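Enquirer: Numbering of the sequence shown is given in our numbering, commencing with residue 4 and proceeding in unit increments.
Incorrect hints may have been included.
Stated by the list, open to error - In the SDA-like style, the derived pairs of lysine to any residue whose C-alpha atoms are separated by at most 20 Å in a straight line are:
{"id": "1", "residue 1": "179", "residue 2": "145"}
{"id": "2", "residue 1": "107", "residue 2": "124"}
{"id": "3", "residue 1": "394", "residue 2": "248"}
{"id": "4", "residue 1": "394", "residue 2": "124"}
{"id": "5", "residue 1": "113", "residue 2": "298"}
To be verified - Have a look at the derived ranges for each label pair, beta carbon to beta carbon:
{"id": "6", "residue 1": "35", "residue 2": "431", "range": "53 to 61 Å"}
{"id": "7", "residue 1": "416", "residue 2": "439", "range": "14 to 22 Å"}
{"id": "8", "residue 1": "306", "residue 2": "177", "range": "42 to 50 Å"}
{"id": "9", "residue 1": "303", "residue 2": "423", "range": "44 to 52 Å"}
{"id": "10", "residue 1": "405", "residue 2": "59", "range": "47 to 55 Å"}
{"id": "11", "residue 1": "308", "residue 2": "35", "range": "23 to 31 Å"}
{"id": "12", "residue 1": "431", "residue 2": "350", "range": "33 to 41 Å"}
{"id": "13", "residue 1": "201", "residue 2": "296", "range": "26 to 34 Å"}
{"id": "14", "residue 1": "431", "residue 2": "393", "range": "34 to 42 Å"}
No lab work stands behind these hints: they were computed from the structure. Keep in mind the model is a prediction, meaning the values are calculated, not measured. For glycine and all other residues, C-beta sits at the position ideal for the given N, C-alpha and C.
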Amino acid sequence: MKKILILLSAFFILIAPVRAQNANRDKFIADSLTTYINRALTNWRIPGAAVCIVKDGKVVFMKGYGIKELGLNNKVDENTLFMIGSNTKAFTATALAILAAEKKLSFDDKVTKYIPEFKLENKPATELVTVRDLLCHRLGFQTFQGDFTFYNSNLSRSDIIGRMDLIKAPYEFRTKWGYTNSAFLTAGEIIPKLTKQNWDIYLKEKIFAPLGMGNTLGLSVAMQKAINRTVPHTIFDGRLIAIPYANLDNMAPAMSISSTANDMSKWVLALLDDGRVGKRQVIPEAAIQATRQAQDIVGSVTHLDGETNYQLYGLGWFLQDYHNHRIVMHDGGVSGYVSSVTLVPKEKLGIVILTNTDQNSLYDALRWEIMDAYFKLPYRNYSDAYLKDQKKYNTDEMATDKKLRDSVLLNPRTAQSISYYTGKFTNPLYGTVTIAMAENNTLDMRFEHHPKMFARLQPLGG
Numbered sequence: 004m005k006k007i008l009i010l011l012s013a014f015f016i017l018i019a020p021v022r023a024q025n026a027n028r029d030k031f032i033a034d035s036l037t038t039y040i041n042r043a044l045t046n047w048r049i050p051g052a053a054v055c056i057v058k059d060g061k062v063v064f065m066k067g068y069g070i071k072e073l074g075l076n077n078k079v080d081e082n083t084l085f086m087i088g089s090n091t092k093a094f095t096a097t098a099l100a101i102l103a104a105e106k107k108l109s110f111d112d113k114v115t116k117y118i119p120e121f122k123l124e125n126k127p128a129t130e131l132v133t134v135r136d137l138l139c140h141r142l143g144f145q146t147f148q149g150d151f152t153f154y155n156s157n158l159s160r161s162d163i164i165g166r167m168d169l170i171k172a173p174y175e176f177r178t179k180w181g182y183t184n185s186a187f188l189t190a191g192e193i194i195p196k197l198t199k200q201n202w203d204i205y206l207k208e209k210i211f212a213p214l215g216m217g218n219t220l221g222l223s224v225a226m227q228k229a230i231n232r233t234v235p236h237t238i239f240d241g242r243l244i245a246i247p248y249a250n251l252d253n254m255a256p257a258m259s260i261s262s263t264a265n266d267m268s269k270w271v272l273a274l275l276d277d278g279r280v281g282k283r284q285v286i287p288e289a290a291i292q293a294t295r296q297a298q299d300i301v302g303s304v305t306h307l308d309g310e311t312n313y314q315l316y317g318l319g320w321f322l323q324d325y326h327n328h329r330i331v332m333h334d335g336g337v338s339g340y341v342s343s344v345t346l347v348p349k350e351k352l353g354i355v356i357l358t359n360t361d362q363n364s365l366y367d368a369l370r371w372e373i374m375d376a377y378f379k380l381p382y383r384n385y386s387d388a389y390l391k392d393q394k395k396y397n398t399d400e401m402a403t404d405k406k407l408r409d410s411v412l413l414n415p416r417t418a419q420s421i422s423y424y425t426g427k428f429t430n431p432l433y434g435t436v437t438i439a440m441a442e443n444n445t446l447d448m449r450f451e452h453h454p455k456m457f458a459r460l461q462p463l464g465g
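Using the sequences provided together with the hints, build the complete structure.
Expert: Here it is in structure tokens:
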């Protein structure tokens, strides 16, 4: 590892810009990447992280940081598992692209060919939706629409697909991009129709095992039983706390994979070498290229130095420009975890960042820090800049929360007696919500399809 740090230091020295820009960059170089990351973990209150960088067909940096669980001295290493959330989507899209390369399906096949029960509220659109539409988020849904109903719920995959026609899409079919997790679930459920194998088994046989990703898990239930695993964390009421694992297996093709820095390096290396591992063609090159072809316009995204010219979506990947480089990337976020995977195909550069708290932007900041170094751009401390924005957001959120709590303390009268608001309330999409009397003249709200979740209702006045 000492050798790697020396090489990294030499690399950063080689890309140092003119003297006027040297002060901050020299500080970054002198501190070393590891010290930089450790400082950022403290500032963001991240218990543990793992980072890997691959370049020109080799792993040039890989390291685990911090601890697996708050309060325990169980250190993260390169083989420690993290949930990767929506970075699962690229695996699902690639699996379907393998089937397409094998002529077992076409991306332009109608979804109803494989899943006849699939329906949208827009009945004409139902018969037009293709596998491609599912994989590039263009059903007309608003971003994350329906997620509360489905995420971490006790609904089955077939239940979720069966309820998609109850979601009222605000946009016409194929007219606007909107991130749709249930679409990726539906796409993943096509795999067993063609292969007679469950989604996770197919991924293991076609991707994980051939690439040597021996620690990677397809289902979230397996993560809870793993030995070398992180624990999810969040920040609640200003405190960093461990939280239960989310049950994501009803949405598995959209978000359930858990992996390690070491395993993800093998995934990224294969993607950057057109699906090859050494001389073996593990994933068809056509499958890799198909996932990177632009399918829909997302818009542009704001960066520290302004907006990108474009952001597009392929099949399971965001595509954007950055200083004349084409970037292929995705983020992943589930309860207690955020992560990022970034590819710069022409530079043969890949970056993976895994963290075990859902309240940080280091997973995003660090990738730009690393890319800037490789692209010989002026040094900027993205982590500090993002942290400043996050602290402002937290301050504003705490002020809003305090205002609400102060209103409750005034014990305002309600228009009706508190018992008037009790009962069972049913929504065709969600199901039943039950409101019942609780202690101190308050109300409890409980949810049919989220039995572990409840809300305490208190009057605010008005």
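Enquirer: Would you mind marking each hint as holding or not holding in the structure?
Expert: Each hint, compared with the structure:
{"no.": "1", "hint": "179 to 145", "verdict": "9 Å, holds"}
{"no.": "2", "hint": "107 to 124", "verdict": "29 Å, violated"}
{"no.": "3", "hint": "394 to 248", "verdict": "26 Å, violated"}
{"no.": "4", "hint": "394 to 124", "verdict": "41 Å, violated"}
{"no.": "5", "hint": "113 to 298", "verdict": "17 Å, holds"}
{"no.": "6", "hint": "35 to 431: 53 to 61 Å", "verdict": "57 Å, holds"}
{"no.": "7", "hint": "416 to 439: 14 to 22 Å", "verdict": "21 Å, holds"}
{"no.": "8", "hint": "306 to 177: 42 to 50 Å", "verdict": "28 Å, violated"}
{"no.": "9", "hint": "303 to 423: 44 to 52 Å", "verdict": "49 Å, holds"}
{"no.": "10", "hint": "405 to 59: 47 to 55 Å", "verdict": "52 Å, holds"}
{"no.": "11", "hint": "308 to 35: 23 to 31 Å", "verdict": "25 Å, holds"}
{"no.": "12", "hint": "431 to 350: 33 to 41 Å", "verdict": "50 Å, violated"}
{"no.": "13", "hint": "201 to 296: 26 to 34 Å", "verdict": "28 Å, holds"}
{"no.": "14", "hint": "431 to 393: 34 to 42 Å", "verdict": "38 Å, holds"}
Of the numbered hints listed earlier, those contradicted by the structure are 2, 3, 4, 8 and 12.
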